[in-house]
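Protein chains: 2
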Amino acid sequence: MALQARALYDFNSENPGEVSVRESEIVTLFSQQDIDGWFEGVNGKGERGLFPASYVEVLRGDASSAHNNNNSSSSGTSVETHVDSRYANVPSAGTDPSANKANKGDNFSKPNAFNTFALPIQQQPNHAYNSQQSQGSDDDWDDDWDDSSTVADEPVGRYRDYEGNGASTYSLSTAANRGGNAQGKGSATVSRNLNRFSTFVKSGGEAFVLGEASGFVKDGDKICVVMGQYGPEWQENPYPFTCGIDDPTKQTKFKGMKSYISYKLSPTHTQTQVNRRYKHFDWLYARLAEKFPVISVPHIPEKQATGRFEEDFISKRQKGLMWWMNHMTSHPVLARCDVFQHFLTCSSTDEKAWKQGKRKAEKDEMVGANFFLAISPPAAPLDFQEVESKIDGFKTFTKRMDESTLQLNATVNEFARKQISGFKKEYQRVGLSFKILSQAFDMDQEPYSSRLNQAISFTGDAYEAIGEYFAEQPNKDLDPIMDLLGLYQGHLANYPDIIHVQKGALTKVKESQKHVEEGKMDHSQAEGITERCNIISCATLAEIQHFHRIRVRDFKAQMQHHLQQQISFFQKVTSKLEEALQKYDDA
Amino acid sequence: MALQARALYDFNSENPGEVSVRESEIVTLFSQQDIDGWFEGVNGKGERGLFPASYVEVLRGDASSAHNNNNSSSSGTSVETHVDSRYANVPSAGTDPSANKANKGDNFSKPNAFNTFALPIQQQPNHAYNSQQSQGSDDDWDDDWDDSSTVADEPVGRYRDYEGNGASTYSLSTAANRGGNAQGKGSATVSRNLNRFSTFVKSGGEAFVLGEASGFVKDGDKICVVMGQYGPEWQENPYPFTCGIDDPTKQTKFKGMKSYISYKLSPTHTQTQVNRRYKHFDWLYARLAEKFPVISVPHIPEKQATGRFEEDFISKRQKGLMWWMNHMTSHPVLARCDVFQHFLTCSSTDEKAWKQGKRKAEKDEMVGANFFLAISPPAAPLDFQEVESKIDGFKTFTKRMDESTLQLNATVNEFARKQISGFKKEYQRVGLSFKILSQAFDMDQEPYSSRLNQAISFTGDAYEAIGEYFAEQPNKDLDPIMDLLGLYQGHLANYPDIIHVQKGALTKVKESQKHVEEGKMDHSQAEGITERCNIISCATLAEIQHFHRIRVRDFKAQMQHHLQQQISFFQKVTSKLEEALQKYDDA
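Residue numbers (the UniProt record's numbering), protein chains in the order written: chain A, 1 to 587; chain B, 1 to 587.
Just chain A, same shape as in the assembly (with noise of 0.2 Å):
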């Protein structure tokens, strides 16, 4: 039979190449991969051409099972007053399907700036759809993934210049290429975004809802959702560990042919390190963005093809890592979750063990939909109508999070590159002028003042080194809140797709009250749907705020950090001319 797929709304061709799709229309597929967002296929008339692949669903087996539920993601409250890039495409409720039609085109031809994010740009695989890709197989596991070219090939130098004001001409522009290059160039991923009409669907979220996920889970894998002071929290990890990663070294097989980076990992509660590759990382970033669908999975440092084995990049690299671990290690489920703790303590010379875990990480069933079925959550269910509310006041946090973080980006990488540039030049010029003065003062045949002029020749060497100090800070105090910045940036294009889990629960929930009401639906049946959303606002709620606590321990240490830094700064180049002061005492 041939891969069908239904259209989910109008869509009007408008460029060469494009066919045109009615509403409840019934499409045929040449692949089930789209190519940049966009499936080709024959339409009903038998127009052959290409169309967006997020207006459609794609039928499978019995396509009278495929769920309609395109208007699955309405919410009760608006917030969506401006239109802000990273959010203009969320639906909101009673919106018309035309205009979100023109807002997903765009995104499909432009991707923009702010839908991107400035650091660890990471593919997510689109599960529905590649499940086969994302898990990788045995047989191509041998070879360098790190090498892969879903990236652009040049490497990305911190501090470029951009002429112009804001965020918009900043190195996110150059993100956004790059990631529109990836999907060009990958083919095998879609960016959840893109998808995120269909996210409650693909995440299992509506089917969990709807009462048709089914799995056992094991008393051990239960996953708590308590009552905490600031409502419901994840349960802590009991035995919370972190784990270190060092030593990033080149390694080589294949008798030289092929060469790439370990890391050693040393977690503290096994005591015990393994060396892992960046694609081992990779690999674990797919499972858990599979596996949890209201959990932000912190992202993976962007890859790189080339220049990869240079200092800078695997020294940039093993920080966005360590940044990486420590969200981890810091989130009371994915902490515990066995892929993680496969990845942690499986010797690195057991090849047997390692594709053991690696094939029932891939097999796992308790994914998706399955997922839900593993929460217990506190005795009292929440008030949906709190529920809500919070969870709009959240979506409003993270827009305006979004937005300062990444002002704050480009103020703190252009001030970066002011020091590295400018300031350092200002300084040394202004050394090389009194080394200079001091040299025209050296013909004075005057025996008397010798001293003065080494004094003012040492203030020269002064001023030369303070220029260098300039240049060298960014990389201790401004880098750390870059990289900060960047980690949290993938946090915040996380949450449009976990807010829009919650509220096709919150939709369905409505749906199930209105059938009730009509008849249509029995009360038992409206109140598993109640009971399955209360887990899922649950989940969700527990995910805000541990985002909440964690982002306020990493900002607060990361500006204290920052202050330290720029105070010792501070004090060196004070010292440094107290030096060059003592040296006038006997000039």
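Keep in mind the hints are simulated off the structure, nothing from the lab. A hint or two may mislead.
Stated by the list, open to error - Computed footprint of chain A on chain B; a stretch qualifies when at least three of its residues, placed anywhere within it, have a C-beta under 8 Å from a C-beta of chain A: (1) 449-456; (2) 556-564; (3) 573-581.
As the list claims (entries may be wrong) - Cβ-Cβ distance ranges computed for the label pairs, FRET-style: (4) A:G393 to B:E579: 42 to 50 Å; (5) A:S450 to B:S347: 15 to 23 Å; (6) B:G215 to A:Y448: 32 to 40 Å.
Remember, it's a predicted structure, so these values are computed and weren't measured experimentally. For glycine and all other residues, C-beta sits at the position ideal for the given N, C-alpha and C.
Following the hints, position chain B against chain A.
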């Protein structure tokens, strides 16, 4: 009898309005005042037009008594190995006159940036031609001299943004233009530089060397040069004093029709305050420059026609006058001279006493050539070869110092501009971004984060304040450097003339020795010339020694001041950051 002049070199007219003159040709002048360095007159062929004033020597009374001394400045050694703009016009022995001419021609039409100096631009009175003008007169004394527009009208802003690099594009070029304008408008004064070919004559140096100076020197007026550790020195002032300049206040007269700024002078040796206006300083400067041929009279701050009462300008002029006063009171000869003492001590309210002293100073006979009569040299005569070597070394030194101070001035000016604009902006942008982040965080609805948000907000304020610190700093530690450099640029502009007088005297000695060998001069006459050349040489070397002493003193003090200020600045920045860091303690 018509005013006549004798051509010293061939001049070929190249532009309409000019007339050619041949060497030795007698020309008739329409006025003894040149216009922008040019005389108007009629040449031997009866052609009327312009020719360079420095190409001729004005004949006074008996034409035959004019000395044809255009080769007076020959020097045994030539250090003119490369042409520096300031020194390019100083002729050396055996130079092709046409080459000199070309230099001079250039100089008239295009004032070179290096021929003027950075801050205090002061037109020097031309003693030979317009002593009447430089003396002023009692009749116009009450005119507001401050208003006389001998400078361009636009106020001179600090820290301009000059595109391009190097000293030539720096504000010096503007200063050069201003000088050019000043000559065009003022017409009464000619820069010493333009006429330095006859400085030896005009200064009275030649007349003195040739034994033509006569005057009665009272014992109290004797100026002693003593032999010190490093050569001839001015005898120290046995009654050293300083003089403060405070409280610039706006005064009005003629019922408010005229207004001016009055400065309060507090000399320590009389402990009686007097009030003086800028025009008094200006008048005094003219007297001193006229009186002392081989003393580098410090230049007073430049005139400014508009914005005279703006606070910045008043403060800048006050600082300039304080620097000037410091150099006056530090100079053993200048500090003690009558006209300066009159200026410092005459009661501000006793009009009669002031005018009496003023007239006495303007009729002082001990100026120029006669000044040398007052000098009492050390017992042992100097070795002229050694003197020549010292003078040549000093000439090289001043050239290097001039270049390096120009460069330092340009660098410091640019550094100040960057701190006021760029540095401030960068810190304040970072501050604003922190503020915006704290505002976004304030929307998180989480009570436990409010202290962190406050701390981040405070950090934003701290960066805002640090930006302001950067902008305020140049006034404290860079402006004083520029003031100092400006004052020294003035001194460096004086030295070519001073050196010229000494070299002229030395040439006369060589000529006289030749004349004696040829039997054209008797021995005693030649001995007299040698003795008087010794006096000029002692005075010149004493002045050079004094220059080095105050230079070492001033640059040491200024460098120390600068570094102390910089240290305070960085400590203030550090304190602000420490204050911000503390806010995180309870966050």
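Status of the hints after comparison with the structure:
{"no.": "1", "hint": "449-456", "result": "holds (count 4)"}
{"no.": "2", "hint": "556-564", "result": "holds (count 5)"}
{"no.": "3", "hint": "573-581", "result": "holds (count 6)"}
{"no.": "4", "hint": "A:G393 to B:E579: 42 to 50 Å", "result": "violated, 33 Å"}
{"no.": "5", "hint": "A:S450 to B:S347: 15 to 23 Å", "result": "violated, 47 Å"}
{"no.": "6", "hint": "B:G215 to A:Y448: 32 to 40 Å", "result": "holds, 37 Å"}
Comparing the model with each numbered hint stated earlier shows that hints 4 and 5 do not hold.
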